[in-house]
Amino acid sequence: MKLTWFAASLLILITLFAIFGPLLSSHSYYETNLSLKNSPPSQEFWFGTDELGRDMFTRLAWGARISLFVGIASGCGDLVIGVLWGGIAALSTPKIDNLLMRIADILYAIPYLLTVILLMVVMGSGLFPIILALTLTGWIGMARIVRGEFLQLKEQDCILATISLGASRSRILFHHLIPNTLGTIIVTVTLTIPVAIFSEAFLSFLGLGVQAPMASWGTMANDGLPALRYYPWRLFFPALFISITMLSFNLLGEGLHHAFDPKSRR
Amino acid sequence: MLSTPNHEDDILLKVENLVVSFHSSRGKVDAVRDISFSVHKGENVAIVGESGSGKSSVALAITRLIPTSMGTIEQGKILFEQQDLLLKSQKELEQIRGNHIGMIFQDPLTSLNPTMRIGKQIMEGAIKHHKLKRKEARDQALTLLHDVGISNPDKRLDQFPHELSGGMRQRVALAMALACQPKLLIADEPTTALDVTVQAQIIALLEEIQKKRNLSIILITHDLGIVARFAQHVLVMHEGKIVESAPVEALYYSPQHPYTKRLLSSVPRIS
Amino acid sequence: MKRYFLGRILSNIIAIWVIITITFFLMKGLPGDPFTEEKALPPEILQSLYEHYKLNDPWYIQYGNYLKSIAKWDLGPSFKYKSRTVNDIINKGFPVSALLGLEALLLAVTFGLTLGTIAALKKNKWQDISAHLLSVLGISVPSFILAAFLQYLFAIKLDLLPVARWGTFQQSLLPALSLAALPSAFITRLTRNHLIEALNQDYIKTARSKGIGEVQIIIRHALRNSLLPTITYVGTLTANILTGSFVIEKIFGIPGLGQAFVNSIANRDYTVIMGLTVFYSVILLSLILLVDLAYGWMDPRIRLGRAPS
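Protein chains in written order, with this note's numbering: chain D, 1 to 266; chain U, 1 to 271; chain E, 1 to 309.
Please keep in mind that the hints were generated in silico from the structure rather than gathered at the bench.
Some clues are possibly wrong.
[To be verified] Cβ-to-Cβ under 8 Å is the rule here; a few derived chain E residues that face chain D:
1) Gly7
2) Leu10
3) Leu228
4) Pro229
5) Thr232
6) Gly253
[Stated by the list, open to error] Where chain D lies over chain E, by a calculated footprint (3+ residues, C-beta under 8 Å):
7) 134–142
8) 147–160
9) 173–184
10) 204–218
11) 239–252
12) 258–271
Note that beta-carbon positions come from the ideal geometry of N, C-alpha and C, so glycine has one too.
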């Protein structure tokens, strides 16, 4: 429980950093100054500068914006497609259900990072393609979970009773199924966000992600890697931010999972 | 019916002032509150009571099988052949479990390992306690399966639990418990998970085995119908205490404790 | 049983066909074609390139040819490096990557099983809590960051292990460790949870009532049953190691398939990207299928035709 609160506060801090970080600094994320390149953390540059003399603090704050945006946007994308797909499968005839889930199974068998890479190669680098690629590959897990929960709920007496009383499908969906599944859905979204953040960093690290002069944590880690021996802070700070953010989301998801599912309390 | 002379040296198991408590979210809860009873050689004792009365905790406490994470034996003595089991080390207890005291449990499906062949599960105990060779243990397992009334024991040995019916599984569980010729068999609700017709078969089997091997059986159940047929002595448990302890006839014809009366009145009578 | 596996094989073949088709049409759908950048090429050479790749044919013929050549396990030539084929690249890079991946998998399984078992046996004690924190860390720290950290610490600062390159066991240690972190974390968790679940089962109580020793109970009864659900994750774990190898091989300068793939992305060497994607998918899906078969074989409830309840 303590860990969950700790994770939540860390996430609030990172969000605040993303919102107000760029305002706190007198530098912009693209302003270069070659005479000040690779300078270590100092009063002027709190997290040092990179190989073009750009302020790491400002760039990291912009990276936070991008990472959180990618994470939340693709989390929401998964949510919409997954709930629709899984919900339709669960509420329609067994035949359609079977067809929809077969399609999901086949797509699920394809390693998602490969698909994402492929999509990125085709669509070109950039923020929007990343989100699109992540959503196109990420919704299947959500669809499966939602369908499973819906099917389970549908069998429960209270819902069978409502159906027998002639309640409409949308009423059952919005008044019974979704509220009862909300906990699981929230947990799933919380746990897909770190995966999305990781994927963005991973793609940027491969040079497929956000392009210069925009800064993402993955790009910055990629830039910092060759300088590891002499200017370790250039890798250290982006790495720290990626890890802490993912850690916090994972801990938060886990905590929520325990909170929503009394069975899992051990 | 066996006569039950009350000589001290005829006593196989003697439980004195046993207290068992469980840890729960609301703190310590006493499941067994200061109970004493004894089981003579060749005697069938039934412990009856509704669920939550603490009867199963007694069964687990006798062989010290209550996980330390769940509960502890607070005080008392469990004298098995004059030796206090509460003073034994885990290693010594392992020598007694399965070897001198056999147990069978409520649900024969979950109490058998789903991924281990039946033969292996039966042989396991004898290999450990009697240092049998695999071949000897297998022959013994065949005889045991035959004894508990399983047809085609040769074929059954190499099957997995889910390939058998519920009644057959309980027979297998019984064969496992009997593998080392124990002196005492503790049967914890052995018929609850079974169909009514199968229940009768299992009880008949227990009776037959008991006569053949002259062992003592502690039968734990909530079914007074079974008790009347099976046991010589009955202990009625209610909220962790033994509220009545009497020979079976006495209990049925003149129950003393109001709780026993209530229990008896709730049993549908055929006569 | 047979029906089940025939079904699995069929759906795997469909999945591979879907991947091939998606890759083909995605590459077809690229804006312009790969040659337009190379303005310097004389039109005749351009024409011969077109001929070579049969880019002048209508798409359905190209698609048919593509399927046919993949069926013959010919993944085509490279766009960028003349006289080099995707098959060459695989033959050269895959053994290296497979070795590294195997080492990582071995590390992950050993580490994960040990840690998970300890955590389960010491449930809620400090061992369990530390194992839990370690596994959350393993899941949260991306492999490329861990790799850089390990490289910095063990190779640059402490000078205990080589920084990069490939060939010796010492050189393989850091990359294998970086790749193994995430799978270890998963295996630790799965083993712990499933072992705790298994230890609470009635059959453990039965085994105890037979007087079987605690160590034997864990090895013979609990671990086997708790390993079964863990095995189903091997496919996912291999996928993780595989995609992880893209960045790890880049960081440590390992001449494996992962690096070849990353290079082909950087070069926009489309046929290589296509070919390697197909190759990776086939490898992964076959592996998952094998794991399913192994699972069915290990769990008698499935082997004998009944789903586990």
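How the hints compare with the structure:
1. Gly7: 11 Å, violated
2. Leu10: 11 Å, violated
3. Leu228: This interface hint is violated because 20 Å lies over the 8 Å limit.
4. Pro229: 16 Å, violated
5. Thr232: Because about 13 Å separates E/Thr232 from the closest Cβ in chain D, which is outside the 8 Å limit, the hint is violated.
6. Gly253: 11 Å, violated
7. 134–142: Holds, because 6 residues of the region 134–142 of chain E bring their Cβ atoms closer than 8 Å to Cβ atoms of chain D.
8. 147–160: Answer holds; 5 residues pass the 8 Å Cβ test.
9. 173–184: Check failed, 0 qualifying residues.
10. 204–218: It is violated, with 0 qualifying residues against the three required.
11. 239–252: holds (count 7)
12. 258–271: holds (count 5)
This entry does not satisfy hints 1, 2, 3, 4, 5, 6, 9, 10, going by the numbered hints stated previously.
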